[in-house]
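Using the numbering used here, the first residue of the sequence shown is number 54, and each one after it goes up by one.
Rather than coming from a laboratory, the hints here were simulated on the basis of the structure. Heads up, a few of these hints could be off.
Listed next, the in silico SDA-like pairs over lysine to any residue satisfying Cα-Cα at most 20 Å (straight line) [as the list claims (entries may be wrong)]:
{"id": "1", "residue 1": "K118", "residue 2": "L107"}
{"id": "2", "residue 1": "K298", "residue 2": "P73"}
{"id": "3", "residue 1": "K206", "residue 2": "L107"}
Distance ranges between label pairs, derived from CB positions [as the list claims (entries may be wrong)]:
{"id": "4", "residue 1": "F308", "residue 2": "L107", "range": "40 to 50 Å"}
{"id": "5", "residue 1": "N277", "residue 2": "P175", "range": "41 to 51 Å"}
{"id": "6", "residue 1": "S96", "residue 2": "M223", "range": "39 to 49 Å"}
{"id": "7", "residue 1": "C70", "residue 2": "G251", "range": "21 to 31 Å"}
{"id": "8", "residue 1": "Y111", "residue 2": "P66", "range": "19 to 29 Å"}
{"id": "9", "residue 1": "S96", "residue 2": "N277", "range": "19 to 29 Å"}
Beta carbons are placed, not taken as given, at the ideal position from N, Cα and C, and that holds for glycine.
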Amino acid sequence: MASLRPTLGLYCPIGFCENPHTAAIDIGANIGDSAALIRSNASVPILCIEGNPLFIPYLIENSSKLGGISLVRCFVGGQSGAVSLDNIQNYGGTATFQSTSQLSHGHGIPIRTLNDIVAERPDFRESKLLKIDTDGHDFDIIQYHVNFLERQKPVIFFEYDITFEDDGPMEGLQTLECLVQSGYLYFVVYDNFGNYLGRVENGDVDRLIDLTVCLVSQRFLSGNPAIYYLDMCGFTDADHDLFSKLVSLETQVLFGDPPPYE
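Produce the complete structure using the sequences and hints provided.
In structure tokens:
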């Protein structure tokens, strides 16, 4: 999700200006790079969730420098359990386990639901920003936590990568439809390089289908893809004003000065 880091820097000043007493949740916090970007643009507490023991020491060190960071050492899933270190795969900046069939209730790195985590950290219950970057589990996390999203309505930043599973394109589309049904009617869309691709308004599922078909064509048919995945920011009606402001900032490249990326 490197492409969304400048977007986080662009969004946070407008998002937390209107919600200064809320918080952010960072699932797949890595070493704290996204948290650092959020904190540099908004003085809000951040709940960093990371399960990879390779990243934890760096995350602890960076969090101590940033301040305002709470750390939970686990992966996020749809059910509680644990995963063995042997079943964890590292993809550069994040770590993932292949499937929920690898879960156990014995020793290993804990897997917890977001609802359980927030129940123990009630100060993050009203978080207005949810960033997910888990290399292959974003779709599952979103679908498993529909009730949380419907209740809290955070602005959600996530990676739309259809290549992790054989049924990835349909799983991705089902995830988008799930978000629409949960009230997420507005999306700002970027390619994997951080270039603004456009907006989706009023829960336009046909537009979401078109974007998915475009990604399928790029990854599986073109032979020379120019786009590898999409990054998306989702908004409900409650934050339509923030959606409009972010779109306005992105389109300044045509109508005025370029957006002030960090």
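Checked hints:
no.: 1; hint: K118 <-> L107; verdict: 19 Å, holds
no.: 2; hint: K298 <-> P73; verdict: 17 Å, holds
no.: 3; hint: K206 <-> L107; verdict: 32 Å, violated
no.: 4; hint: F308 <-> L107: 40 to 50 Å; verdict: 44 Å, holds
no.: 5; hint: N277 <-> P175: 41 to 51 Å; verdict: 50 Å, holds
no.: 6; hint: S96 <-> M223: 39 to 49 Å; verdict: 41 Å, holds
no.: 7; hint: C70 <-> G251: 21 to 31 Å; verdict: 25 Å, holds
no.: 8; hint: Y111 <-> P66: 19 to 29 Å; verdict: 26 Å, holds
no.: 9; hint: S96 <-> N277: 19 to 29 Å; verdict: 44 Å, violated
This entry does not satisfy hints 3, 9, going by the numbered hints stated previously.
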